[in-house]
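Chemist: Here the protein sequences line up with chains F and Y, keeping their order. Residue numbers for the first sequence follow the working numbering, beginning at 1 and rising by one. Residue numbers for the second sequence follow the working numbering, beginning at 1 and rising by one.
Facing chain F, according to a computed beta carbon distance under 7 Å, are these residues of chain Y, among others:
#1 P72
#2 E73
#3 A76
#4 R77
#5 H82
#6 G88
#7 F90
#8 G92
#9 L93
#10 L101
#11 F104
#12 T105
Simulated from the structure, these hints should not be mistaken for laboratory data. Beta carbons are placed, not taken as given, at the ideal position from N, Cα and C, and that holds for glycine.
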Amino acid sequence: MTFFLEQLIIGLSSGGIYAIMAMALVMIYKSTGHVNLAQGEMAVFSTFIAWTLVQMGVPIWPAILLTVAVSFAGGIVIERIVVRPFADADDLVIVAVFVGLFLGVHSLAGAIWNYEVKPFPSAFSDGSISLMADLSIRAHTLGSLIATGAVLTAVWFFFRYTRLGLALRATADNRESSRLTGINVSFMLALGWGLAAGIGAVAGVLIAPVTFLDPGMGLAPLIFALAGALLGGITSPFGAALGGVMVGVLEAMISAYVPYGIEFREMIALLLILSVLLVKPAGLFGELVTRRV
Amino acid sequence: MTHALELQNVTASYGHGAILHGIDLTVPAGGVTALLGANGAGKTTTLRAICGMIETRGDVRLFGESITGKTPEAIARMGVAHVPDGRGTFTGLTVIDNLRLGAFTAKKRRNFQRTLDQVFGYFPRLKERTGQHAGTLSGGEQQMLAIGRALMSEPRLILLDEPSIGLAPVIVKQLFEILGQIARDAGVSMLLVEQNSNLALKLASNAALLEVGNLVARGSAEELSRNQEIARAYLGDVTAEGTAA
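One chain only, chain Y, in its complex shape (with noise of 0.2 Å):
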């Protein structure tokens, strides 16, 4: 079966120093996939040098095809949507703008009402915002948009970089449930980069888990919330959390 994605001996540095150490990655196609770590482990990195934003050595692979060294426009094209930390929206454009854009470069554009419906229906509220500007959203609203532009472009597959970051429990709750929804829909591959592991291993099939630059542990959602000396060691008390929650 070919994967998603895969990254072998992947290492990307931001002109001086290496981050990410050359790390082995793979996304099966049609799951959620969790990437875990500390702050600074690399994890945003590993999806910047995904989508070709910083000079990355190594191979990616998209669907059994290398992307490495291309451009990130490029590797959009072939169907990754990113929805980057800081959510990345057009904050001078309308909602509606922004959703436009995440269609710009939708293989049919005959499909944009269908999948513009399909948007709205995960996401009611950015229906009747369309003509406001993106930068007088809330933060949760910013989010919603951000993941709704990354549907437009129909992906096959979608990373996403801490959606949960800044945002009130509640919306997180439900921004999740939404995103499990999606994934069961959609059958598009997810690549969820999570400092909030209890809520990313409830999300996802498999985990993997990022330590400076190396790939520490990986294996399916499962095992990783059970082993408890990894999630100790990066995470925090995994046991705890879950308990409390």
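In isolation and in its complexed conformation, chain F is listed as follows (with noise of 0.2 Å):
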């Protein structure tokens, strides 16, 4: 029994990140139709950034937010020199974009800080914490855990609550009717892209401690991630958090039960989702709202 809720903690901690990271390709999904196959790539150019701070005596804390930050400038910057002049192209052009921009990124990260693996700090205690007699959990899984469900409740309260979020959502909805009624889209979409590269930021310093850094750390997560998006419903982004989560938890699960599970975890949680998606299209959450014609 604690064996098993050792194993349900660590998904649901691993299962909050791709969560994070099935939100940001919501984001990007919903303005520019595709999903973003550079997310991990970006996920780890703000890891690596981190990690020059840290390195240069940053402490960890200020080194995340100062990240965050400049990765949602990153992002913006993103938007408007690479998938702005894009815009109108055909579907083929903008996923040659994406595999550009993953590219780009990838070697970009590769060339300033090598290929070399690198431990990267927790932002919590490197020890850990006991719950139960027998069962006791890195501080980083926990840690990692609550900050990913602030991540979330920020996010959800940020795009029902606030003004810009409402602004941010009609203009995933209809561009043109977000025209007509003032509201900025080139700068929204822009905030879009802000947004998915900040939020993948925290994703990529709360995996780092775990996998270790190094340029091809983003690409499990970006599947995993795709995955849960893809089960939760990709047109939601609280539909695809929690299929992100689903996924983190079938990891653990298929890693810690299914023989050899760990060798093939990736592709028998992959195996799972596609069934389920063969019977959901739209996925498990996806808004297929009725539309009377």
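Two chains, two frames, some hints: make the complex.
Modeler: Written out as structure tokens, the structure is:
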């Protein structure tokens, strides 16, 4: 029982990180109609910035906050310079742009920080916390669980209750009508990228202490986050987040209980998700809003 | 007197080929002006030109101030509310969020509740549906929502693009009664595009007639409904329609 609980907490903790990444994917999906393949690489790049700050002697929390701010600005710059010129291009061109962005960010990280695997400090303590007599969990696992909960709540609050959040939702729903109600759509599109890059940075600094930091670290979380987004419904930020959590738990359970689970967890998780999508193509919580015509 | 809207020699095109060939049009402040014409005459294009949604040349003035070349969001902020063809509701958002978005540019945010009550006064149906996604509303309700959203911005000028389209006659009748009421109460100016000339001329005080990108007649609504030559040529037989209704 305690083993199961331990696996569950580990699963929820990494699931929370996938949830954040999945949400970042949804934000960009809603504005471009495409999955940002470079989301993982962008998060890794951000994490390298945090690592550099820490090396320079900046304490970890200020380093993280600064990184999120820089990433937010970086997301806006990417939207303006890389994505905006192709706004009206064909689907395949946009996919190529995202692949290019993926390779570009990846290589840039490699060029600046090389491909050597680096340890990354936890924003929480390095020790363990004992929850029960025979159950102790790494402080980082619990801390990142709480941190992701806080990020998801903050994002939910932002979209649900703020004027800017409403404007972003409107932009995703109907661009032309948004302009006609006086919303600066161009600014909202850039803002969406900024937010995605900013929360992606949070995911990066939470996952790096577990997986260690190297330019290739972003791919696996991206795949799990994408699986989560598809499972929950890529049109719904919170459906996608919930999907991300489910994928995290699934990953932990497969690794713990299925023979050869650790080797095949990605494949098994994806197979299970694909079978769900066969039954519910829009994902479990995808907004297949019924429309009268 | 300044007009709510004044178009002088306005030309508009969608990249290739002009749709409007230099039209002059005025919308007096505080009244309803109908813009009539057959399918493809350029009615919708005229509205899109006013809103800055397509490339426009010439001079468009809003209460005396030139708005030619401004962006749609800037023009919206200056008090122009556009109820586009196809209604343009945010289908994935709730009714109340749609109305909140209408008030996005409203100058005085503290007027929100009062304006909202006004809108619910005109369209009580919307009040029952506040939490529902706009996409699940009936066509008539969506049109009410689109007009309600326009009113939420406390506009100086409302542009209505074929509000009757796709709606059952009984709903259209209700809708136009409410539009008349809004025009009387709020003192807001309206430019109404309609294919149903009979309906539009009853509501409007002034009217203008478009034919393939050219303005061919304008005057009071009464004059235009009596102008049978024009009416027959561009609108079908208005007299026959009038007696039938």
